[in-house]
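Each chain, letter by letter, is given below.
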Amino acid sequence: MSEQTGSRDGSWALRFAEGLARLSPLIDDTPAVASGAEPLVELAAPTGRRNSTWVLRRVLFGLFTLLVISILIFFATHVLPGNAAEAILGHSATRARVAQLERQLGLDRPVVSQYWSWLSSAVHGDFGTSLAANEPVTTLIGSPLVNTLVLLGLTALFAVPISLFIGVLAATRQNGVLDGTISAASITLAALPEFVIGIILVTLFATQVFKLLPAVSLVSPGQDPLSTPTAMILPVATLTLAVVPYLSRLVRGSMIDVLGSEYVTMARLKGLRPQTILVRHVLRNALVPAIQGTALSLAYLLGGVVTIEYLFAYPGLGSALIAAAGERDIPVIQAICLIFAAGYVIFNIIADLLTIYVTPRLRTQ
Amino acid sequence: MTSGIAPVPAASPQTVAAHARPMPVWLRVARSSLRLWRVRIGLALALLVVLLAVLGPLFAAHSPSAFVGAPFAPPSAQAPLGTDALGRDVLSRVLNGGRTVVWMSLAAASLGMVLGTFFALLAGTSRPLVDDVIMRTMDVLLALPVIIFTVLFISLLGPKDWLVVLLVGIAWVPQVARTARGATVEVAQRDFVRAAQALGVPRRKILLGEVLPNIMTPLTVEFGLRIVWSIGAIAALSFLGYGIQPPAADWGLMINENRTGLAVQPWSVIAPLVCIAVFAFAVNLMTEGLARTVAGVDRGTSN
Amino acid sequence: MAVARIEKLRVELPGAVDVVDDISLEIGQGEVVALVGESGSGKTTIGTSMLAHARSGARIVRGTVTIDGDEILELSPDGQRALRGKTVAYIPQEPAAALNPAIRIGRQLEEVIIDHEPGVARPERDERVRGVLGDVGLPVTEEFVRRYPHQLSGGQQQRVAIAMAIILAPRLLVLDEPTTGLDVTTQARILAIVRTLCSAQGIAALYVTHDLAVVREIADRVIVLYAGRVAESGRVDDVFRRPAHPYTLALLGAVPDIARRTSLVQIPGRAARPGERPSGCFFHPRCPIRVERCQSGEVPTVTLAPGHLVRCHRADQAAQLEARKPSPPRPVRDRQPLLTVERVNAVHGVTRVLHDVSLSVDDRACVALVGESGSGKTTLSQCIIGLHEKYTGTIKLRDKQLARSVRDRSREARRTVQYIFQSPYNSLNPRRTIGEIVGLPLQLFFRSSRREMQTQIDAGLERVGLSAGLAGYYPDQLSGGERQRVSIARALVCQPEVLICDEVTSALDVSVQAAIVELLRGLQQESGLSLLFVTHNLALVRNIADEVIVLSNGRVVESGETESVLDAPQQAYTKQLITDTPSVERASEVTRAS
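Keeping their order, the protein sequence lines are chains D, E and C. Under numbering that gives the first Met the number 0, the first residue of the first sequence is numbered 0, with each subsequent residue one higher. Under numbering that gives the first Met the number 0, the first residue of the second sequence is numbered 0, with each subsequent residue one higher. Under numbering that gives the first Met the number 0, the first residue of the third sequence is numbered 0, with each subsequent residue one higher.
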């Protein structure tokens, strides 16, 4: 076979999409889709290039992506019908006043130069001033950003070990009753939108069934969310339940692949001890996709965060976005979207780097 | 044994009887998958929900916008599932609230599939440079999660149905293209495609006649997944207020409208919630079963 | 004194489907016993049973396996684990898959010692690892020991596998087709290593293979397996010189040999898979000398000579069947060049794969293009057919230059040169019926009515020995040999003048290979086709080709009439290639002694 199936070089976006394609089809076997690389262990090696160049290319592509996204965001907000000045003035918008405000805000300049000044200040951390709150955007989104990161961090803290455990368990008892139950639960959870899971949890634990937990995270902006841990429980639990089915399925799939591989059979035929086989041969290879999967899950969670924060009134970046969108607070919208995109890019680059580090075939040339 | 042309008694019982009847692959897939419990259950539930959504309005006792009682009133003869935040009949609203979710998720998934497959066929059979350019351009779009992408545009352009479908559909294109491209590339390097090229079959005919039929099985699974995700995205958008607007009846919207009364009158939230959940679950179950069948069939046909 | 003995072994798949049954064999110290069979015969299963292991889902249900006096099937799981790698070692078919891609090879070697002999100190371990690497001819350097499997060539990987197997000085080696996918030259070297180890260190070996020529080269005794049963067993000399089982005879007749040109004998019908096996003697549906009693009941084991056993009702009749028949003389033909290749230089990406290659194929001639993998032979054939465009030089069909890309060629040009691909499992569109597949070129090249097309399709299928009724079937419902015939039919309906066959039999069993080769030969003579037969198998070359061109690293090394090149090679490379090709007929005493 002359050509590697699928990816010609394992771009990080490929990993994400394939990771998701791989995460979501809750299939036992190697997916029917020969979607590029087989077990995510085997990426197409960066042929004929040194690794440092490859890494550089990834980072550059990440930056390029952010650039394009920024253009998209900016022009979405400025080229589309609907005018910032009108939005601010609201009902008191007369033509004269709108024109005056536009001049004030610099909105009468050509779009490209507006974009350029926005971008250059953004790179320095200045995202302009919020239209609704009349404060610098940066101060406005500073603590929501931290809150969201805390939320994501806690989710990862719980979701990853749980997924690993469940995945390995299901794989070692493949096609048994336990595996079937886990599979059924995964199919159910994976199908449900995150907010549905959230509401189910709220119903169960905060209202009818057990009045245990607060239904809403009453954390005032600026306050450290960790100071009211009970408020965090439901959001974190919801996000964890949203992500565990995917990640555990990924782990299970990769474990099964590895358990059935030739080299594991060979290890048995060499008479190696079961512990050696499990740790050095099986887990070592099976967990590699889990690393990628974790990074990709975090990227995937960035989307879920918005609905969950809104549901639980958690003062994070997601609810800030919804609030800003409701008020057409364009600078804030732009800033938050850009940050989300940046988060995605960063997670993917990390995933790629970790994969290279952990896969000898890619590390060496 | 004679030399010269060697006749294999191909019509011998061994060959012909080995496989009962020739059957096209799609039929084989359909039959095998329908043998699985999960596919049958999933199909049944999904059809149930679709029927509910499509025919529901005919059976609603009240108009979805009629006020039949006090807000958040408990279930009564008038309103078997109680009333919602504004005093409207929950049951009637549930019966009316499915159409949007069902048609929009199917439409968005289809849009994503068609566009994604188109680009994938193009990219997967072009020169590496063209392939890279196409795929990376689409990958850029992946950087914005679907909710954020749609909220961004809808907040600026206003919540219109077709816009939601368009945006959600477009959001799926990169992922569908990835899956489809992977399958395309794998198929395109197989010898029967080269054989068609060697005969001089024009490119378009090769794509449609040789490649596309052979990537249908993974694409069908992908379609199922897209539907599930579309349901999630569209319901979430309505929940956030960026999808269907009040006073229309829509399951996602209802969940948001009524959640303040969750402690008092849970049915107003639970009923639409269950509908969404069952629909998504059923499609996912079916897709999972289909994926298993397809994996087996593809292994059989390529070996 | 037997090191290993199997008695009445039976292995089953779920559903009481037998994979192998009634298997008994014995291996003495330092002896190499070959286990020969085609795919589905159960030979791998028997091999792994000697390690008390059965693959995916199969179970050993009856019989005993005794190694050095211990009945290993009775051992505890821990006892069996201790046995593997230490007393009995396994050498896998595909070393690339059998080596863990994430662990350095030094580690993979020493872990065998660590888990079996935990008391051994590090320095001694290192020494033993290096020792064994030296034994198999690999570099004994720190750098090499730290390599990962993907940094080794195929031959090197297999040597590592052998090293892993002998590091604990086992009593018995089980080699499972260890040279599959390796070049002839590499194969020869691996075989030499195995031979040396067995004689020097007194290790017994069970060599599982489908390649009779290799058996001749390496084994002391041979066991012929058919459909999970022993058909014949004995000393290699006895079995090969005086084969007694019709299947053995058929196999010997089907295998092309580099030493002598013969008519290849094909075995009608298909090998019976587990679960489909007929009653009575498994071979009787395909046996030319079957009689009533073969169809049911037990088949007796007949002892023809000490150590030479046959399971056949008619063991004495076998002598009637002639194993290898001489081939009809080559037809006389006029030397008109039909296809000429002039000074072609081709590239793949940035690497040059063909250097100034020139050749010509005469009218009605069969020219073999021989080379190892990487020699450029496939690239050349793809240049000729127009699928590979990156080359300079000229390719002409009857003095008219062919365009580089197939898209730029005239319809005539496309019709007259046809290509048959290697893998029958890959070259037919799984979503089309056989009729549609064969009919596709008809639509392109001829303006015929539907009925005419149907007739032509039917005729095309029959011409390659397939029933016209198969037109409605899908490729996966046909066997490998049948699919390859469909490919040939697809090419033939175009009424081509040149047929390029790219390793068309490499993916097929020996008996099926014979059928395809004979088919092509017959078609060539009957329709006056020119054949460009691309292969790595010199034995096939002897049998089918009039002329041969030897390619190495993209250069033509030698060319000429088959007889002269094979009997009196001029170039060193050709000589080496011929010597390295195992042969059933050629006196192999010289190689055995080394």
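Calculated from the structure, these hints are not laboratory results. Even for Gly, the Cβ is constructed at its ideal location relative to N, Cα and C. The reader is advised that the hints may include incorrect statements.
Quick list of the computed label-pair ranges, beta carbon to beta carbon [as the list claims (entries may be wrong)]: (1) D:Leu352 to C:Ile113: 29 to 37 Å; (2) E:Ala43 to D:Phe157: 31 to 39 Å; (3) E:Ala43 to C:Val16: 30 to 38 Å; (4) C:Asn344 to D:Phe63: 20 to 28 Å; (5) C:Ala571 to E:Leu26: 52 to 60 Å; (6) D:Ser51 to E:Asp131: 14 to 22 Å; (7) E:Ala262 to D:Ser51: 52 to 60 Å; (8) D:Gln173 to C:Glu562: 42 to 50 Å; (9) E:Leu165 to C:His354: 52 to 60 Å; (10) E:Phe58 to D:Phe157: 26 to 34 Å; (11) C:Glu73 to D:Phe164: 49 to 57 Å.
A short list of chain C residues far from chain D (calculated; beta carbon distances all over 10 Å) [to be verified]: (12) Thr47; (13) His52; (14) Ala81; (15) Pro91; (16) Ala96; (17) Ala97; (18) Arg234; (19) Arg334; (20) Ala412.
How the hints compare with the structure:
no., hint, in the structure
1, D:Leu352 to C:Ile113: 29 to 37 Å, "32 Å, holds"
2, E:Ala43 to D:Phe157: 31 to 39 Å, "35 Å, holds"
3, E:Ala43 to C:Val16: 30 to 38 Å, "35 Å, holds"
4, C:Asn344 to D:Phe63: 20 to 28 Å, "38 Å, violated"
5, C:Ala571 to E:Leu26: 52 to 60 Å, "59 Å, holds"
6, D:Ser51 to E:Asp131: 14 to 22 Å, "20 Å, holds"
7, E:Ala262 to D:Ser51: 52 to 60 Å, "58 Å, holds"
8, D:Gln173 to C:Glu562: 42 to 50 Å, "58 Å, violated"
9, E:Leu165 to C:His354: 52 to 60 Å, "56 Å, holds"
10, E:Phe58 to D:Phe157: 26 to 34 Å, "44 Å, violated"
11, C:Glu73 to D:Phe164: 49 to 57 Å, "37 Å, violated"
12, Thr47, "7 Å, violated"
13, His52, "6 Å, violated"
14, Ala81, "6 Å, violated"
15, Pro91, "6 Å, violated"
16, Ala96, "4 Å, violated"
17, Ala97, "4 Å, violated"
18, Arg234, "29 Å, holds"
19, Arg334, "36 Å, holds"
20, Ala412, "25 Å, holds"
Hints 4, 8, 10, 11, 12, 13, 14, 15, 16, 17 from the list above are not met by this structure, while the remaining hints are.
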